[in-house]
Amino acid sequence: MTKLFAVAAATALMITPAFAQEIPQAVKARQGQFNILALNLGVLGGMARGTVDFDQEAAQAAADSLVAVSMVSQHAMWPEGTSVDDLDATRAKAEIWSDMDDFGSKWAALGEAATAMQAAIGEGQAAIGPNMGPLGNACKACHDTYRAPE
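In mature numbering (1 follows the signal peptide of the UniProt record, and there is no 0), the protein residues as written are -20 to -1, 1 to 130.
In case anyone wonders, no lab produced these hints; they're calculated from the structure.
Some clues are possibly wrong.
[Unchecked claim] Within a straight-line C-alpha distance of at most 30 Å, the following computed DSS-like cross-link-like pairs (lysine-lysine) qualify: (1) LYS120 <-> LYS8; (2) LYS86 <-> LYS73; (3) LYS86 <-> LYS120; (4) LYS120 <-> LYS73; (5) LYS8 <-> LYS86; (6) LYS8 <-> LYS73.
[As the list claims (entries may be wrong)] For each label pair, taking beta carbons as the anchor points, the in silico distance ranges come out as: (7) ASP66 <-> GLY102: 24 to 30 Å; (8) ALA99 <-> GLN54: 18 to 24 Å; (9) GLN105 <-> SER85: 27 to 33 Å; (10) GLY104 <-> LEU67: 31 to 37 Å.
Where is the CB? At the ideal position from N, CA and C, for every residue including glycine.
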């Protein structure tokens, strides 16, 4: 019985990848950066709303992380053939590749908003809320333009 289970498990492992769509490293990387953005925006948003206690060090770390992600070169993250039209594992619309300049300007706006947040953290919790608006707007502009609905 144990031998039968081992053979069945090994067979399943060999067959499963044939049915699974391979996710390119670039797609995994860009999804990772969006997860980092979401995590840190959540920390700052919680502090701005008062649902998370303000912690100067944690707020600064979150803002620093947003800036760091915004500085990652996007060139390698968006190779042709990795849109929602090509892969099930992404929601990236093909329009990204037809207007990379617009996409780049939206990414730059995120970086500017993140840098403003980073500078404002030293002013305390009251400075987070007003800076969340530009951050949220930058994220929303890109999301609404270049992310396909699920």
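Each hint, compared with the structure:
1. Between LYS120 and LYS8 the alpha-carbon distance is near 21 Å, which keeps this suggested pair within the 30 Å criterion.
2. Our distance criterion of 30 Å between C-alpha atoms is met by LYS86 and LYS73, whose separation comes to about 15 Å.
3. At roughly 10 Å between alpha-carbon atoms, LYS86 and LYS120 fall within 30 Å of each other, so this suggested pair holds.
4. Between the alpha carbons of LYS120 and LYS73 the distance comes to roughly 15 Å, so the proposed pair stays at or under 30 Å and holds.
5. Taken as a hint, the LYS8 and LYS86 pair is honoured in the structure, with Cα atoms around 21 Å apart against an allowance of 30 Å.
6. Of the supplied pair hints, the one linking LYS8 and LYS73 holds, its CA atoms being roughly 16 Å apart against a limit of 30 Å.
7. Checked against the hint of 24 to 30 Å, the pair ASP66 and GLY102 fails, with Cβ atoms roughly 44 Å apart.
8. For ALA99 paired with GLN54, a C-beta distance near 23 Å keeps the hint of 18 to 24 Å intact.
9. Distance hint for GLN105 and SER85: a CB-CB separation of about 31 Å, consistent with the stated range 27 to 33 Å.
10. Between GLY104 and LEU67 the beta carbons are some 43 Å apart, a value that contradicts the proposed interval 31 to 37 Å.
Consistency note: the structure conflicts with the earlier hints numbered 7, 10.
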